[in-house]
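Using the sequences provided together with the hints, build the complete structure.
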Amino acid sequence: MELTITGANAITFPILHIWDWRVAIYLFLGGLTGGLMTMSAVANLRPGKVVPRDQPCCWRIPLIAPILLSLGMFFLFLDLELKSHMFWFYLTFQPLSPMSWGSWLLILIYPPMILYAFAVLPDELKSGMADGFIKRFADRMRPHLLRLARINFVCGILLAIYTGILLSTFVARPLWNSAILPVLFLVSGMSTGTALMIIMARKNEVKLFFTKVDIWLIFTEIMVLLLLFYGHYTSDAVHRLAIMPFFNTSHQFFPYFLSIVFLGIFLPLAIVLKFLEVTGDHSVELTPSGKFLMNASAVLVLLGGLVVRFALVYAGQLSGYGGIM
Amino acid sequence: MAGSFDRFWISSTKEDVMAFSRRNFLKYAAMSAGGTLLAETPFLSARAREKAEGGNVRYVPTTCEMCFWKCGVIAKVVGGEVVKLEGNPLHPQSRGRLCARGQAGIGLLYDKDRLKVPMIRTGPRGENRYKQASWDEALGYVADKLKGVEDKYGPEAVALFAHGSPGTYFNNVVRGMGSANVAYPSFAQCLGAREVAWELTYGQGPNSTCERVDLANSRVIVLFGTHLGENMHNSQTQEFAEAVGRGAKIISVDPRYSTAASKASMWLPIKPGTDLALLLTWINIIISEGWYDKEYVEKYTTGFEELKKEVKSYTPAWAAQETDLPMRQIVESVRDLGRYAPNVMLHPGRHFSWHGNDVQRGRAMAIVNALLGTWGRPGGIWLPPKVNLAGFSENPEHPKANKDAVVFGDYPFAGGEGLTQVLRETTIKGDPYPIKAWIVAGTNLIKTMPKPDLTRRAIDNLDLLVAVDVMPTDTVMMADVILPEATYLERHDGLFTITTREAGIALRQPAVAPMYQSKPAWWIGSELCKKMGLEQYAVKDTWEGRMRRQAKKWGIGFDELADTGYVAIPGSAAPYITATNQPVFKTPSKKIELVSSELEEEDFDVIPKYEPIEQPKKGEYRLLYGRSPVHTFTRTVNNQWLWELKKENEVWLNKKEADRIGVKNGEIVRLENQDRVVSEPVRVRATERIRRDCVFMIHGFGQHSPAMSRAYNRGADDQKLITRYKVDPICGSTGMRVNFVKIIKEA
Amino acid sequence: MPKYAMVIDQSRCVGCMACVVACKRENHVPPEQYRTRVLEMVNGEFPRLKSEMRSELCNHCDHAPCVTVCPTGASHKEDDGTVQIDRRKCVGCKACIAACPYNARYINEEHGYADKCSFCQHRLRAGKKPACVATCIGQSRIFGDIDDPNSEVSRMLRDNSYRVLKKAAGTRPNVYYINQFPKKS
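Residue numbers (this note's numbering), protein chains in the order written: chain X, -11 to 313; chain R, 1374 to 2120; chain F, 128 to 312.
Simulated from the structure, these hints should not be mistaken for laboratory data. The structure presented is a predicted model; accordingly, all values stated were derived computationally and were not measured. There may be inaccurate statements among the hints.
Beta-carbon label-pair distances, calculated as ranges [as the list claims (entries may be wrong)]:
(1) E205/F <-> K1489/R: 41 to 49 Å
(2) F1765/R <-> K310/F: 45 to 53 Å
(3) G219/X <-> D189/F: 40 to 48 Å
(4) Y1889/R <-> A(-2)/X: 31 to 39 Å
(5) Y1889/R <-> L79/X: 22 to 30 Å
(6) L214/X <-> V1456/R: 53 to 61 Å
(7) V1451/R <-> A(-2)/X: 23 to 31 Å
(8) A295/F <-> L214/X: 22 to 30 Å
(9) R215/F <-> F62/X: 19 to 27 Å
(10) F62/X <-> K310/F: 57 to 65 Å
(11) T80/X <-> E1426/R: 34 to 42 Å
(12) E1678/R <-> T(-8)/X: 25 to 33 Å
Within a straight-line C-alpha distance of at most 30 Å, the following computed DSS-like cross-link-like pairs (lysine-lysine) qualify [what the hints assert, rightly or not]:
(13) K1525/R <-> K1904/R
(14) K2028/R <-> K1644/R
(15) K1457/R <-> K204/F
(16) K1457/R <-> K216/F
(17) K177/F <-> K2020/R
(18) K255/F <-> K1424/R
(19) K71/X <-> K216/F
(20) K1644/R <-> K204/F
(21) K1644/R <-> K310/F
(22) K2028/R <-> K1991/R
(23) K310/F <-> K2028/R
(24) K177/F <-> K2028/R
Quick reminder that beta carbons are idealized off the backbone N, C-alpha and C, glycines included.
Written out as structure tokens, the structure reads:
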């Protein structure tokens, strides 16, 4: 067919062109924060106290989480075309709009996050502090630690899953328009959160514990990713076309093909590395090379999470509902 | 059959014209009133609308000049700024609607690249070095130079090239001096051959402002290369769409699948240059199969028997071979014509200077129309309105020309608009006498005339080139003196006699005062007359004053006209032949001359004869050119609102040819013509929509003037590739579709 | 209250772009941005070709995905059936642009808000038809109240088989298309 379009807007033709790296990073950081909230809660809630509370991953992560989330929201803010109108998010609630839910959720998540950060401040740190507001407030929060951890556990899941819901609600963008997408973003968020926990943890057994957790998460992530593609492949023409860029080696779609290749290597490699770690002999302290491998596999997981966000944000904008018909 | 006639746009009853337009109103109003809330008040006058809407809004009815169709337009002015243009519902050329260009008139008015102040050249020609000048200084300079030329070479050494309304005013300067060397490219480079063909046959052309084609009521419409839709003449395209919507048969004879062809029930992708073979064969079939209107032919035509004998040899089988069309198509198309005659037409076409045998092609088209009895019949060619307006002039007659004009060359039927290329040739050769000064008003000669290098050479020979224009076109930027004209939204012009089915009067009046130091052409012409000592040809007071007096003489209320934009002349419409409304043919025989007595006198073929023209060799393509609906030649390419819709042209190349020579769709190539002239880079449009032996480009792109900031260097200039032209021996028009190009891949 | 709808007779569209420019001038649409567009689609092989001409604009859907996703209520459905944007409330999040299967929306480059065809709401209020309809050279665009059985649009939809674009998207558009191809008599 010979097609001539006169009067097309650059923002939608030849492809949708609305969200870029800023939104991809926001989604990544949102998912990562969710994972951190949930996993640091796990660390503190773990029955049998596998993870001692003075571990950096137990108290530093809750401090980092709100900063990462704010950074993510900053990137989102950068993407808004009318920044001065931002207050309108909070003068209304639109029950059918995922972004309205999301903007409120982001606000509501901060208080438990911050309170939790106070509650987990280790005693050694507090003893070195002057007797100011921070110390007194941290002391007052400490008895609520477990309750706050439970709230953070739930909030982390909500946050991570939300980052996928927004994209999945557009009938016009078939690649995103799948109920599997929020699950993918949830699992990916959790696995990246766990990966950062591994990097931050000092103690051998803590690292090993989260490595075991991550193996299951990455396995699930690979499964969900495959199901996303398989679901699209077995759906109608519109959806089948939507995943085409990932399986097309032509110049135009090469980045998407590359992203699949990367994910296909990163994630399984991370699993293998982790599997080797947990099956290894850890009766003695970790060797530097063992530590390096552990951290490297965690970095691979973080990169994988980033690639998933970038690939899906961009590829989703290539997909349209039924072409020009 | 009768049933479908009910839906026709206009009926043939002899009603008062005012009632006729009012009826359209009622129809319009009734359509609007369909929705419960949409009860639009019909436009009755500018004042009435202002009153109804209140506020700070002014409405100014005027006449569009984004092309030359002269649509009625209503300018909406808020706080001294034109904010919207709409079609004047009272005006038969626009009927309340405007095309893209008409809507974009604001883009011309507020184009930052407009010519703003008079300028006098300070550097070598074409190097864009100018100094600003006051009007007094610039006009004084022009007057001195013109007088210098007159003193040295005689007044005939001053020539005028013009298009559109500004020409009117400079005629007074040039003819007032005693030169008759005036030429309009609209004749030799456009529709001259058509006008002559129909004048020879019917004694009258089909009207150049608005072809008298009854498209709205036609059953079968044949278009020879006419690409309505892309060729956006407002009311004509409205009626074409009406015909398409109504289910009329459209037969498009065109090497290219144009928009019109896409609406056609039959597309005849004819081999370029062989139209006459098809037409003569059609004539043969019409006669031999008895499709012609016997009574009509008997009553109104002469030469039928001779014609019958002459066309005998043009058989469908032969035509199929010659035109590269299937025989079945050739026969079926003409039978459709015959079946529905006389409510059919061969559209006379418009840009007609194709191959140098154009008058004869036009004659053949006129003859087919005559045989089918379309002239004066519903759905055919309507009869001109009955109007008898006295000539109006406030200036004395121009003096007899000092020497005979050269603008008619050796062509016995060259029209009154003159032959631009002959004027150019004389300027170069200085024979029979030198031509040393040109006034160029409203035409971009370098992009209009074939063989632009000759235009440049002629300009090199001049002592003075004065350009009067709105935009800094390629031609303007060659001028010694540039005089910035006000746009059509800032000036008075007219009165215009608009002859559609009815006759009416329209005018142009300013919606806003001229911007910058631009001036209306009437003022420039008039002031120049004064400076030249030709006060008798100057405008008495103002052009508005002159229009008032003209209206008074014609018995038209000027204020009413200024308020409505159009006043119909009651009782003028008489479109169809009836017992009491008989056609008048101004030919020597007072009949439709199937055999032309005037051509006989001048020793031309009295009946068109087919002669094959040169065809391109393999690997070469005939260069065809045409129009985009959003552009008028080079006039609109810099207009923001049109530029953004069509920034550059492409070269249409048959997909299989593209594959054969290994060129991809969208690839940038250059074209090289038979004279080794190479085009600017241009994108290939590899398409199934064109024959394999030709390529097509939209005309008007490839601006070389950097002062046109948006259009500069966009697309390729087709005119540059037209280094060969074949002059029609009958009327002197320049056939320009005789150039062959090769595709050169960019390294 | 009327329910506004547009019927587009594709056979009568000559691709002249009058609608595109009229819309831009009427609604002060920034340079190189558009609320309506024209598609020309040609199929087949020389010389057997078939062409479709189609103008597109906001479909003012009854189930408008843009309205659903809007986080601030800036995009909303009005009583007259049109989908409108309250510019003061728009934050420029672009979710509505992603949500529209018809790619009818854009970000107004001069002001930052999401923008699209409004069926010329300001003209409707003054009793006028949308600018594109008023100037349509081929009278290909027909506008009116679909709830009024006597309106031209209602008559058109009764007398013709019609379609809407991307019906399967479930948006229930209010722009209807008739005569996809010219009648070949």
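Checklist line | Structure versus earlier hints, numbers of those that do not hold, lowest first | finding: 3, 5, 12 and 20
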